[in-house]
Amino acid sequence: MFPAFCTQACRGDWRRQHQTRKLEMLRFWRDGLERQLAALNASIHTLQTQIERDQNEAADPS
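Start counting the sequence shown at 1; every next residue gets the next number (the working numbering).
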């Protein structure tokens, strides 16, 4: 008879490790997306500020 390559405990450990790796990967992706979102929000804010400034200058030429 051949010995079992992976016992029930081994399978449980593998599942836990797999889930941990998956969680780390998803967190890594989320961190990258949060950085990109922060950059987009900063760009939007800058453009809105520039548009408002240009509108104020056009309305009140000094």
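Simulated from the structure, these hints should not be mistaken for lab results. These numbers come from a predicted model, not from an experiment. Certain hints may be false.
Heads up, simulated SDA-like pairs for lysine to any residue below, C-alpha to C-alpha not over 20 Å straight-line [what the hints assert, rightly or not]:
1. Lys-22 x Arg-11
2. Lys-22 x Glu-34
3. Lys-22 x Ala-38
For each hint, the structure was consulted:
Only pairs whose Cα atoms come within 20 Å are accepted, and Lys-22 paired with Arg-11 is accepted, the gap being roughly 16 Å. Between Lys-22 and Glu-34 the alpha-carbon distance is near 18 Å, which keeps this suggested pair within the 20 Å criterion. With a C-alpha separation of about 24 Å, the suggested pair Lys-22 and Ala-38 falls outside the 20 Å cut-off, and the hint is violated.
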